[in-house]
Amino acid sequence: MTLSHSQSAQTLPFEPLMQRNAAITEARWVRATLTAIAILFLAGFLLLPLLSVFVTALSKGIGAYFASFGSAETQAAIKLTLLAAGIAVPANLVFGLSAAWAITKFEFRGKQFLMTLIDLPFSVSPVVAGLIYILVFGAQGWAGPWFSAHDIKVVFAVPGIVLATIFVTFPFIARELIPLMQELGTDDEQAALSLGASGWQTFWHVTLPNIKWGLLYGVLLCNARAMGEFGAVSVVSGHIRGLTNTMPLHIEILYNDYQFVPAFAVASLLALLALITLAAKSLLEWRFADQLAATRRH
Amino acid sequence: MNITIRDVHKHYGSFHALRGIDLDIASGELLALLGPSGSGKTTLLRAIAGLEPLAQGRILFGETDATALSVQQRKVGFVFQQYALFKHMTVADNIAFGLNVRPRKLRPNNAAIKQRVDELLDLVQLSGLDQRYPAQLSGGQKQRVALARALAIEPRVLLLDEPFGALDAKVRKDLRRWLRKLHRETGYTTIFVTHDQEEALELADRVVVMNRGQIEQVGTTDEVYDFPKTPFVFDFLGTPNILPGSIRDGGIYLEGGSQAIDRSERPDGLVHLYARPGDFRVVEADVPGLDAQVVELQRTGQRVRMSLRIAGGELLEIELPHPDSDNKRWTAADSIRVRPINFSVFARSAAPRDAGPEPLADENIPGSGTSHTVAEHRVRGRN
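First to last, the sequence lines map onto chains A and B. Oh and the first sequence: position 219 is 219 in the numbering used here, straight run, nothing missing. Oh and the second sequence: position 302 is 1302 in the numbering used here, straight run, nothing missing.
No lab work stands behind these hints: they were computed from the structure. Backbone N, C-alpha and C fix where the C-beta goes; we use that ideal spot for every residue, glycine too. Treat the hints loosely; a few may be bogus.
[Claimed, not checked] A few chain B residues that don't get close to chain A, going by computed Cβ distances all over 10 Å:
1. His1011
2. Ser1070
3. Asp1196
4. Arg1337
[As the list claims (entries may be wrong)] Residues on chain A that point at chain B, a partial pick, calculated with CB under 10 Å:
5. Thr35
6. Glu189
7. Ser194
8. Ala197
9. Lys212
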């Protein structure tokens, strides 16, 4: 079997990987055109702008590029972004897991309503999301006076930014897990329980290993969005330099001040974080390809 | 461990899945829950395991009331239809799971767990596969790993949900025989669910035939096969011919026959006579029976299956040895006279073949049927 295969490979060095069936495939020019459109579109609308960010950031040399990160305001913006993402992602991790668990493992009234609610941040404009928090926690909002009486600042302060980030990135993990857990069903959990495992042991040893890839993917997406969120955060931030500016807001301010190199330098950092996120995901998928395949096979 | 089930009810919304189940299961018994889909057999099995909360009723393990016990506390070995093996664990880790999750005080040490896993692998004939992952096993092997995993916790009772449902015919037959042997060796009280009557009859000590959330009949395999108490049981255990007839003056008459087929104690009235294809014999013209025309016949080795059209126009399926005892070789369009020799009689009422959701008819009350075996019947060619 192996022998004859290698022989045929020798006699036919350019053996096509897949035989094309003329009856079910499109004409060559159709395929070429479609491929070209896809590549041109990707290049024109994704790759070129991304490159231009780095080109502009480095236009005054590498020294100016790194000097951009020296300012206290920029460093404060980076710290605030990391803080907001650092709180929003774990919060949504807990929430997403609980929601997915509740929706897929239990039957209860209002399940459909909960699913719709989870999707709300996707459908609501981020500006509205920001305004919601102003209405609730702002000086004129219904909970605002109580908070100001207790000397807690929510709007135009760090808590507001964190809340808005959580709101906007709310669905990522839950949305990733629900279809996965629906497909997995409850047999594995019931088997674990019948073998005497506690609820926590079942979750830790059975459920979590089954969903870890979906969970990781959700976390990465959630993190990317948490760091990049502009609209909702912009509304609740108040744009106080060095205090309530996240990286995206800081980039806008720098840009409006005609500080192109610093603006694009910070933008390149944000883009880099996104690229690292994607690379991490691809790396994990590649590194654990066999495990992934094993868990997906039944 | 003997199990006592009393007046168990279960609802799914408006659907009444179990309607008052009473059942006694003896210690060490191998019991089959047999029925069509939707009959409640799996629900009952899951209720015993504690996977389904009950609306009403009690389940006792020995003398202990298990109704309020959680799944974990019940210590049952449950084998799922799709096995539910933990995909990310090796075979050994799967089997050891029930021991590894025990609280530290009750957990055997690692050496003891390893030894137990080896014993179980040996028992299910999978020695050497301990480091494999479930994805690397065949269906039959997965099934046996699931069984070993369930046995690892030394369960009070072993519960199997459609244990052979996902396997191909050959593996199914082998596993059936193997499970029977395993049961003999280990002696665990075992309950399994199946919709395959052949499987139930071959494997079980006793069979519980279920329909629409109720028990139709409980008995040994011989009892339920030879003396079905309800038309449903008769229908489900084989594909009987259902012949209209009547009881007059203590005799059973078939429609289109002038002589009584057999005596009966039943009151006069319309009845249905249930007889399996193999329970007919060809008889002479002066013996009570049915005249028919051979419509179609299919030879399978030493037997022949025939479709007959009886006087009333209905079709009758029978199965005879071939060639017959008088060396007669039947062909299509032959005239033939046949007599049912083993049959049951049930009072006639609406839709006897149907297992649909309409309310139960009178005839489905257990014990409403009478079983008959005609001792003297002059078979053609024998005298």
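Review point. Does the structure break any of the earlier hints, and which numbers would those be?
Key: 2 and 5
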